[in-house]
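Number of protein chains: 2
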Amino acid sequence: MQNFTFSNPTKIIFGKAVVAKLAPEAARAGKKALFVYGGGSIKKNGVYDVLTAALEKEGVAITEHHGVKPNPALSHVRAGIRKARTRNCDIIVAAGGGSVIDEAKAIAAGAKYGGDVWDFFCGKAAIREALPLFTALTLPATGSEMNSGCVVTNEETEQKYCAQGAPLFPRVSALDPETTLTLPRAQVANGAVDSLAHLIEGYFTTKDRDNGVTDEVVHALARSITASTERILKDPADYDARASMMWSATLALNGLAACGYGGLTFINHAIEHSLSALYDIAHGAGLAIVMPAWFRHHLETDGPARLEKFGKAVFGAKTAEGTVRSFEGFFRKAGAPVRLSEAGIPASDIPRIAENAMGLIRLWGLQHEQPEIEKILRRAR
Amino acid sequence: MQNFTFSNPTKIIFGKAVVAKLAPEAARAGKKALFVYGGGSIKKNGVYDVLTAALEKEGVAITEHHGVKPNPALSHVRAGIRKARTRNCDIIVAAGGGSVIDEAKAIAAGAKYGGDVWDFFCGKAAIREALPLFTALTLPATGSEMNSGCVVTNEETEQKYCAQGAPLFPRVSALDPETTLTLPRAQVANGAVDSLAHLIEGYFTTKDRDNGVTDEVVHALARSITASTERILKDPADYDARASMMWSATLALNGLAACGYGGLTFINHAIEHSLSALYDIAHGAGLAIVMPAWFRHHLETDGPARLEKFGKAVFGAKTAEGTVRSFEGFFRKAGAPVRLSEAGIPASDIPRIAENAMGLIRLWGLQHEQPEIEKILRRAR
Numbered sequence: 001m002q003n004f005t006f007s008n009p010t011k012i013i014f015g016k017a018v019v020a021k022l023a024p025e026a027a028r029a030g031k032k033a034l035f036v037y038g039g040g041s042i043k044k045n046g047v048y049d050v051l052t053a054a055l056e057k058e059g060v061a062i063t064e065h066h067g068v069k070p071n072p073a074l075s076h077v078r079a080g081i082r083k084a085r086t087r088n089c090d091i092i093v094a095a096g097g098g099s100v101i102d103e104a105k106a107i108a109a110g111a112k113y114g115g116d117v118w119d120f121f122c123g124k125a126a127i128r129e130a131l132p133l134f135t136a137l138t139l140p141a142t143g144s145e146m147n148s149g150c151v152v153t154n155e156e157t158e159q160k161y162c163a164q165g166a167p168l169f170p171r172v173s174a175l176d177p178e179t180t181l182t183l184p185r186a187q188v189a190n191g192a193v194d195s196l197a198h199l200i201e202g203y204f205t206t207k208d209r210d211n212g213v214t215d216e217v218v219h220a221l222a223r224s225i226t227a228s229t230e231r232i233l234k235d236p237a238d239y240d241a242r243a244s245m246m247w248s249a250t251l252a253l254n255g256l257a258a259c260g261y262g263g264l265t266f267i268n269h270a271i272e273h274s275l276s277a278l279y280d281i282a283h284g285a286g287l288a289i290v291m292p293a294w295f296r297h298h299l300e301t302d303g304p305a306r307l308e309k310f311g312k313a314v315f316g317a318k319t320a321e322g323t324v325r326s327f328e329g330f331f332r333k334a335g336a337p338v339r340l341s342e343a344g345i346p347a348s349d350i351p352r353i354a355e356n357a358m359g360l361i362r363l364w365g366l367q368h369e370q371p372e373i374e375k376i377l378r379r380a381r
Numbered sequence: 001m002q003n004f005t006f007s008n009p010t011k012i013i014f015g016k017a018v019v020a021k022l023a024p025e026a027a028r029a030g031k032k033a034l035f036v037y038g039g040g041s042i043k044k045n046g047v048y049d050v051l052t053a054a055l056e057k058e059g060v061a062i063t064e065h066h067g068v069k070p071n072p073a074l075s076h077v078r079a080g081i082r083k084a085r086t087r088n089c090d091i092i093v094a095a096g097g098g099s100v101i102d103e104a105k106a107i108a109a110g111a112k113y114g115g116d117v118w119d120f121f122c123g124k125a126a127i128r129e130a131l132p133l134f135t136a137l138t139l140p141a142t143g144s145e146m147n148s149g150c151v152v153t154n155e156e157t158e159q160k161y162c163a164q165g166a167p168l169f170p171r172v173s174a175l176d177p178e179t180t181l182t183l184p185r186a187q188v189a190n191g192a193v194d195s196l197a198h199l200i201e202g203y204f205t206t207k208d209r210d211n212g213v214t215d216e217v218v219h220a221l222a223r224s225i226t227a228s229t230e231r232i233l234k235d236p237a238d239y240d241a242r243a244s245m246m247w248s249a250t251l252a253l254n255g256l257a258a259c260g261y262g263g264l265t266f267i268n269h270a271i272e273h274s275l276s277a278l279y280d281i282a283h284g285a286g287l288a289i290v291m292p293a294w295f296r297h298h299l300e301t302d303g304p305a306r307l308e309k310f311g312k313a314v315f316g317a318k319t320a321e322g323t324v325r326s327f328e329g330f331f332r333k334a335g336a337p338v339r340l341s342e343a344g345i346p347a348s349d350i351p352r353i354a355e356n357a358m359g360l361i362r363l364w365g366l367q368h369e370q371p372e373i374e375k376i377l378r379r380a381r
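Note that the protein sequences, when read in sequence, are chains A and B. Quick note: the first sequence, position 127, residue 127 per the working numbering, numbers continuous. Quick note: the second sequence, position 68, residue 68 per the working numbering, numbers continuous.
Bound-form chain A, shown alone (with noise of 0.2 Å):
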């Protein structure tokens, strides 16, 4: 087990009908919020009306920045940071899934920084400070709503990268599962695979054999996501399976599930972020595309040992290769395309990805070479 610093400052209020509780911490801490959300679904299932009256009702005058999409673009985060300024906004209210707080944050820092806020992402500017963030999630899947990460794409130059820092946390988090009830059947599948993918990014970095009780809270959080989702894949209205699905996915990027592997070199993040930038797929397809190609690629370095223990313990798997077919199995269930043909990308595209991915490889100091990583990707084919 590796030194470690564990730290979380965000509050979060879980259950039902918890999403008005959001309004007056966020009253707490100013009275002229940004409102960021996406494409609409929060005034569909019901999270627009509730936030925005009870916001009201606390005195505070919101400001409205919707049309997040998803893999939210630098152009839209600029035009976020141009509406906060020009209003004074003193606080972000963000509803939505992982993009949407992804988008928020970026806003958040940007509106008290002097520079550009694509200095945060390619690794120019340090986040020293940004507005206070609070956040109704409706989507679990990206953990953005207890961490102080966010990903933002620059559309022009085609890089879908990251930025982080403390001040990123959000204060408050709202989580109602019955937000989650209406959620389309791809994007149930996206958030267990991102999810998933969140898990084992820590657990095959440490080059520990012996990390006791992570190992063990990972495992537990891998199978508390792969048994909701089935749940919910057979009955979306199931409660419980939801409430389940939701903290599981908050727990697996807060920096719990990672405590002592000695950091997260997140290498499949870097390849997929790669088919995200060029195709605008979906973060979790990507993630259920790439996985699978890089899991038979550690087995060829590694050896079998984090496989077999890993799927012994989720799937009942018997074999390292065991795993990989299992993980395959669940995200084909789920409904996610497991290789670069079926998301329609050819293989003779490969060098291009693999070349957008080195960009991240470099900027995050992994230690891999653009071959190794097509070599990855044709496994994907």
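The hints are simulated quantities; they were obtained by calculation from the structure and are not laboratory data.
Identical copies go unnamed one by one, so any copy, or any two together, can satisfy a pair.
Calculated lysine-lysine pairs in the DSS-like style (CA-CA distance at most 27 Å, straight line):
1. K21 - K11
2. K207 - K16
3. K234 - K207
4. K21 - K207
5. K112 - K11
Quick caveat, the model's predicted, so the values are computed rather than measured.
Given the structure of chain A, go ahead and fit chain B onto it with the hints provided.
The following block gives chain B in isolation, referenced to the frame of chain A:
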């Protein structure tokens, strides 16, 4: 899954040689520390020298308050409060186990309060502020290093009571597993029993059958505690087992292991506090006596479902009674007493023990009468 709020602001610095890192964290909050510790074990394991040197290097003046006992005494807490006030201490630094940290918390709250500190324990006042607290943990057991509760014994009234409040969360806690390598075997056992007890209080409070992810997390922590304790008993120098135990015990009572359970009734603790208050036995030893008896009572009143689920996941037990026997077997193997007689407590004292326990049971609003508590205790003869 019931609604819940999760909020835990304590920063954890974990691993080898981390104790000195507490000093710069403390120095940012204040320059006059009350330094709280126990009977001198920290002088043997090196924590005293490392921490005092680091604090002095940061320009923090130290007023010592040592001699904290297991089951910390109200009179000693009051003496610490007087000392903190006289010396105008602006921070508290505590080094030791749960008793030391609990006494430090009581002093931190009492120093900022006009009335008597016992008011917080008997429900007469709420904790609204406290001196900032920094801890170096040397005994994994109580979880006090990452929660907002504390337990103190009023020697005059023979009451072992609790106080709680958000200002009591330590700002930063340093957890170095190497400082636990020299723990006496009895303290290893007591820590294992106590941390398991924290897990089962929530697990058996819930009336839901379906607690997905939190049940999984509880099982994971319980497996980690039992497995690492067995390794430590075989090889006290096993660093990874010490590390796993230390982090597991922290997570067992930092809020995580009760999310969605609808609260913790803490009935085993209510009964045990009576044993500690009347006989000054170690908290872990008292819990090892109470828990099997309470489990058998629970089996009679609530049926086998929860005992079966827990036992299957943690011990591989096949029946509810098999689960109780597995607990007893684990406690015995660790060297803890599992019957009143093994701790030299006569069965004729049962009415007196139950009467004392009723004080806490009434204060906490639990639905139990004295005859029921006596019945449970008779199972522990």
